[in-house]
Amino acid sequence: MARSGPIRVIVAKPGLDGHDRGAKVVARALRDAGMEVIYTGLRQTPERIAEAALDEDADVVGLSSLSGAHRVLFPRVVDELRKRGLGDVIVIGGGIIPAGDTPALIQAGVRAVFGPGSPTSEIAEFIRGAVKERRG
Amino acid sequence: MATDGTRAAGERWERDTLGRVLRRFPERQERFETLSGLEAGRLYTPLDLAGPGSGAAEGSPPAGGEAAAPAHDYVRDEGFPGEFPFTRGIQPTMYRGRLWTMRQYAGFGSAAETNRRFKYLLEQGQTGLSVAFDLPTQIGYDSDDPLAEGEVGKVGVAIDTLADMETLFDGIPLAKVSTSMTINAPASILLAMYAVVAEKQGAPLDKLSGTIQNDILKEYVARGTYIFPPEPSMRLVTDLIAYCAESLPVWNSISISGYHIREAGSTAVQEVAFTLANGVAYVQAAKRAGLDVDTFGPRLSFFFNGHIDFLEEVAKFRAARRLWARLMRDRLGAKDPRSWMLRFHTQTAGSSLTAQQPLNNVVRTALEALAAVLGGTQSLHTNSFDEALALPSEDSVRVALRTQQIIGHESGVADSVDPLGGAYLIESLTDRIEAEALRYIDEIDRLGGAVAAIEKGFVQKEIEDSAYRYQRLVEEGRRTVVGVNAFQVEDEKMPPLLEVDPEVGRRQMATLSEVRARRDAKAVTSSLEALREAAVATGTALMPRIVDAVRRYASLGEICHVLRGVFGEYAGAGR
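Residue numbers (my numbering), protein chains in the order written: chain F, 1 to 136; chain X, 137 to 711.
Derived by calculation from the structure, the hints in this document are not laboratory data. There may be inaccurate statements among the hints.
Residues on chain F that point at chain X, a partial pick, calculated with CB under 10 Å [what the hints assert, rightly or not]: (1) D17; (2) V72; (3) G136.
Far from chain X, by Cβ distances over 12 Å, these chain F residues were calculated [said to hold, decoys possible]: (4) R43; (5) K83; (6) A130; (7) E133.
Where a beta carbon is used, it is the ideal one built from N, C-alpha and C, also for glycine.
Using the sequences and the accompanying hints, generate a full structural model.
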């Protein structure tokens, strides 16, 4: 991950889910907050997301899923990042993720889950705090 | 004239009665706006419908606050239900003749589980079926495709072959029940399966009643379940429309949708504009493919969102009807009055539901459903209160259905046609939405039409900007969402949620293997080859070949694989 400069974020839509309103709004809000954000578009495989994180020297990977595939796909993304030596990249998630699923996602390496109604300012603040910690 | 007296009285009211109160008690906001950003005026009077030529002083606005539109003519602008321009409804008796169809979108897991939910809903009094398919099915992948992993049966029913379709409608007489299918890129395949199931049931095709969404344009800008690029997709759309015109006379060949455009963040005005612009594009494409507009015109249908800004929604539906009637008759050359009628299904707004304090959503859905009924919808789906969290449970979907039944049978609003017609605010807002939507349609025309506007990213940007604007309003506290940025509660107890069986993917793959083992492999291969040949030869009808392939139990994924090979895949644009 980047050691200095603006925070770099990948916002990604893993799997087949086509609902990208939230992902786009978060991407734009984070840009407005001074971060450099790349939105991957729809239908990304975990491998492609991890590759993008590698190419873009990302500090953060934000995953959006509303289709219920998060249980399988979010941990997969974490694995693909680790395989590429990107285990310290901060992975966060959002979308329709039942509260009951969050512990398993956290176990699998997702740092935080932002459900419906989360203000983008809260997400930005979380990212700033987490990246500061990582960069030391 | 009468208007002069009203204007004088209005000015006096503003100066004295209103002025006195405003000086001591300012209003809650500087400006009140609808969800779409249109001004919500303080008060609407006959002056709002009297037009600039009413003899009133130049430049002095009517009490409603917006600039005056041309003078209203009742017959021209509102008219009578069942007659052009259909502002007040597409039938003269509307719900006095028959209530709207209560049609709950449903589907999850396997065909057998969904079949059970269909039967439950019919038992509880819904009057039409609406099928939700899972994402692999919607995007043309079989349940055993690597890309389907984790997705099978999650947002709808998994359909791989005709065998699943047979299970889905087992014990449900297709000659008697109207079915709507939300499927777009592979719509032809699902309709073919439905027709073959009907045939096997002994139900004549000309009795089959229902709708297939088949609206690819909105997929590119709002929903995301496209497969092929726009040009071959439009061919598939028109091919299906032609097939329906010939073989399924009471089937709606397309459901031109604004619901998803609205869910993606557009305003009500944009919802109407972009939907109707897509409609114009489809009609033009079908005409170019050699169809006469009145052959398919009467069987086009629409699908709108039922959102939370109550008055704006009622006006929106009326504006859409009037605008479409004018477009079909005056611009697209339709002569049959049935081609001028905008018939639509409504779904209450998923995006208005909150994960916080879910029971509040019962209220939201009720208001939204009421607006749709007052707006004259032909068919209605009401969301369940837990849908910001999961798919509906049996209990929550029952409440949603009861909401419609209470509106229809207890509230009285179904007993007169267009009960809010004539309300000064409603007519003024109807006019306003129509005018604003037309401005967008003109802009889209200037860009070269809906397909070009999409390829240029214009529609997507408008939607994204509206979505972002709304988010800013909420985060800055300028728009209240009860339970989210106001009236919050800590430590809520969540209702029991529906869980999709995690084994559904594995079981579906097993079913698919069995079907593949049983079928005549040679017949499948030759039918797929025949389809490929037809796909390559532009201008050849595809539906007959798709029906053949489906009949032999070729899978959805196998058929789409052939089509992908010929048509290519959509890569994304204007992001």
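Find the nearest Cβ of chain X to the Cβ of K83 of chain F and say whether that gap is larger than 12 Å.
holds, 18 Å
Taking the shortest Cβ-to-Cβ distance between A130 of chain F and chain X, state whether it exceeds 12 Å.
holds, 21 Å
Given hint D17 of chain F near chain X, where the shortest CB pair must fall under 10 Å
holds, 7 Å
So is R43 of chain F really clear of chain X, every C-beta pair being over 12 Å apart?
With a cut-off of 12 Å, R43 of chain F comes too close to chain X, as the shortest Cβ separation is near 8 Å.
Would the hint on G136 of chain F stand, with a C-beta cut-off of 10 Å toward chain X?
Check failed: Cβ of G136 of chain F comes no nearer than 31 Å to chain X, outside 10 Å.
Restraint: V72 of chain F near chain X, CB-CB cut 10 Å. Satisfied or not?
OK, holds: V72 of chain F within 10 Å of chain X, min 3 Å.
For E133 of chain F, which was marked as not at the interface, is the minimum beta-carbon distance to chain X over 12 Å?
holds, 25 Å
Consistency with the previously given hints fails for numbers 3, 4, ordered from lowest to highest.
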